[in-house]
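Position 286 (the first sequence) corresponds to 317 in our numbering; numbering is contiguous.
Simulated from the structure, these hints should not be mistaken for laboratory data. You may find that some hints are simply not true.
Unchecked claim - Listed next, the in silico DSS-like pairs over lysine-lysine satisfying Cα-Cα at most 27 Å (straight line):
| hint | residue 1 | residue 2 |
| --- | --- | --- |
| 1 | LYS218 | LYS107 |
| 2 | LYS295 | LYS343 |
| 3 | LYS107 | LYS215 |
| 4 | LYS298 | LYS107 |
| 5 | LYS42 | LYS295 |
| 6 | LYS205 | LYS218 |
| 7 | LYS151 | LYS218 |
| 8 | LYS205 | LYS151 |
| 9 | LYS151 | LYS107 |
| 10 | LYS215 | LYS151 |
| 11 | LYS107 | LYS42 |
| 12 | LYS215 | LYS343 |
| 13 | LYS215 | LYS205 |
| 14 | LYS295 | LYS107 |
It should be emphasised that the depicted structure is a prediction, and the values quoted were computed from it without experimental measurement.
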Amino acid sequence: MLRLYDTATLKVRPLELRDPNRVSFYACGLTVYDVPHIGHGRGWLVFDVLRRYLVFSGLAVHHVSNVTNVDDQIIKRAAAEGRTEPEVAAEFEAAWWRDSDALGVLRPDDTPRATDYVDKMIDLVSDLLARDVAYRTSTGVYLDVSRVEGYGLLAHQPLESLLAGARVEVDPEKRSPLDFALWKRAKTGEPTWDAPFGAGRPGWHTECVVMSLDLLGEGFDLHGGGVDLIFPHHENERAQAIAEHRAFARHWIHHGWVMSGGAKMSKSLHNFVTVAEMIERSDPRSYRLLVLRSQYRSQIEVTPTSVEDAEKGLGRLDALARRFELREDLALGRSALTPSVVAGEGLVREEVDRFCERMDDDLDTPGALAGIFDAVNRANVMADRGEEEEAAALARTVVTLCGVLGLALRADEGADLDEAVRRLVAERDAARASGDYGRSDAIRSELAALGWTLEDTAQGTRLLRQHTHGSRFTRPPVGPC
RNA sequence: GGCGGCGUGGCCGAGUGGUUUAGGCAGGGGCCUGCAAAGCCCCGUACGGCGGUUCGAUUCCGCCCGCCGCCUCCA
32 MLRLYDTATL
42 KVRPLELRDP
52 NRVSFYACGL
62 TVYDVPHIGH
72 GRGWLVFDVL
82 RRYLVFSGLA
92 VHHVSNVTNV
102 DDQIIKRAAA
112 EGRTEPEVAA
122 EFEAAWWRDS
132 DALGVLRPDD
142 TPRATDYVDK
152 MIDLVSDLLA
162 RDVAYRTSTG
172 VYLDVSRVEG
182 YGLLAHQPLE
192 SLLAGARVEV
202 DPEKRSPLDF
212 ALWKRAKTGE
222 PTWDAPFGAG
232 RPGWHTECVV
242 MSLDLLGEGF
252 DLHGGGVDLI
262 FPHHENERAQ
272 AIAEHRAFAR
282 HWIHHGWVMS
292 GGAKMSKSLH
302 NFVTVAEMIE
312 RSDPRSYRLL
322 VLRSQYRSQI
332 EVTPTSVEDA
342 EKGLGRLDAL
352 ARRFELREDL
362 ALGRSALTPS
372 VVAGEGLVRE
382 EVDRFCERMD
392 DDLDTPGALA
402 GIFDAVNRAN
412 VMADRGEEEE
422 AAALARTVVT
432 LCGVLGLALR
442 ADEGADLDEA
452 VRRLVAERDA
462 ARASGDYGRS
472 DAIRSELAAL
482 GWTLEDTAQG
492 TRLLRQHTHG
502 SRFTRPPVGP
512 C
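With the sequences and hints as input, model every part of the structure.
As structure tokens, then:
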């Protein structure tokens, strides 16, 4: 059974499910006011792998991720560009799906938009007012955090020390600087909704409580996001649920930052690389491999070198698929993640067990990958020795386990071979057969210029598309642009 | 000020109280190959500093140094 670090207890503990066969998982999504950067990408990849692994373990997963499409930043951008808020939101929501698709991330089962839940949010705010845990001021409705049992659970700080460190600007109408807006009173020119407590728009922390409980129900299993969301966002979501006496997430998962030049990647520091830039410069699978080479809770530094490193590693995996010509297995590996392999015996069984053991330990993807690379080596050794069957079984296992990690290996590029390339290969084969190596090498250079690498093997000539252009990752992801 | 985390061989990155080791990349040597590519074999002997516990610590404890994050919108 999967054991995960739980932010609420600061310990790795078994993921105890509400329903033993089904995982309900809510991951905070994006505020759609700009294009996603590779920090967002890391979050998608981490949760994508979590999800694929749960499915591989035989569990059904209900994955929800929200779209925050009403927010200060969106309003600001729309105003600056003379567009409407829905236009801005739609543009960047589309960018989200485009980029996450390109990274091979499975889409969530539900992607609720905040604006579709305003009525339910109004109900919640009304109820919190009725319970007297919220109060009105001239600027909106606030939750009185002093009325919430155990506020500070996720921050791991008592109310007093949170107050001591608070850097929030002082609002004399608020009872405490920590009280947060459930509802922001309407300002001219901003999107507003009518409500019994005054026209306005919802505060950010309210949408996620409402949507998670609505779609996943009380006491859902797992709630996650980046570490920055622990406080105040998740703390405040939880506060509202507690104030309502409704059971909230059973387990909390948070992933670490992507760093750049030793600092957290962020819009304000201008040290970010967008997902689009990343996948334009290198095989999108490289970034996935790069991310998985570190444990999800640690900070990772992304540099041109680390990207190249990952590209090389990926090349090694693809080479295995090529050597064993596992095209059909590859196709299978993408869709059928469940345990046909698990039923295997001997070597295969050991390999899968080792993989699962590591993944069960708080998603130790670096360890799981070490096992995979080790299997790559052993498969090659066996094949060199002529133990074809065992070698192939192991290689297939590698392909399947990579599939669980969302890494679709490639045996070749047969599909995009055009006629000219085919002819050059045939011509070169003929030249080699007749011992005309000068001609043969000239053709190889020609193909290289077209982006193809050749492998002469006993089974014939293999072509390999060059995906490695880490060197083109030239803009240092450091410092102001 | 409070809280959380980190410091491992050229780089990235796991792990562990003591026999033999993560793994990847890079580098050197060799095998294979017409030459390559892919693959294989061999080579580095590392755990921030100072103390302590211990027969023995990189791994446990304390202190120190350095780094990062959160406490504000943020993945």
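Indices of hints not satisfied (ascending): Violated: hints 11, 12.
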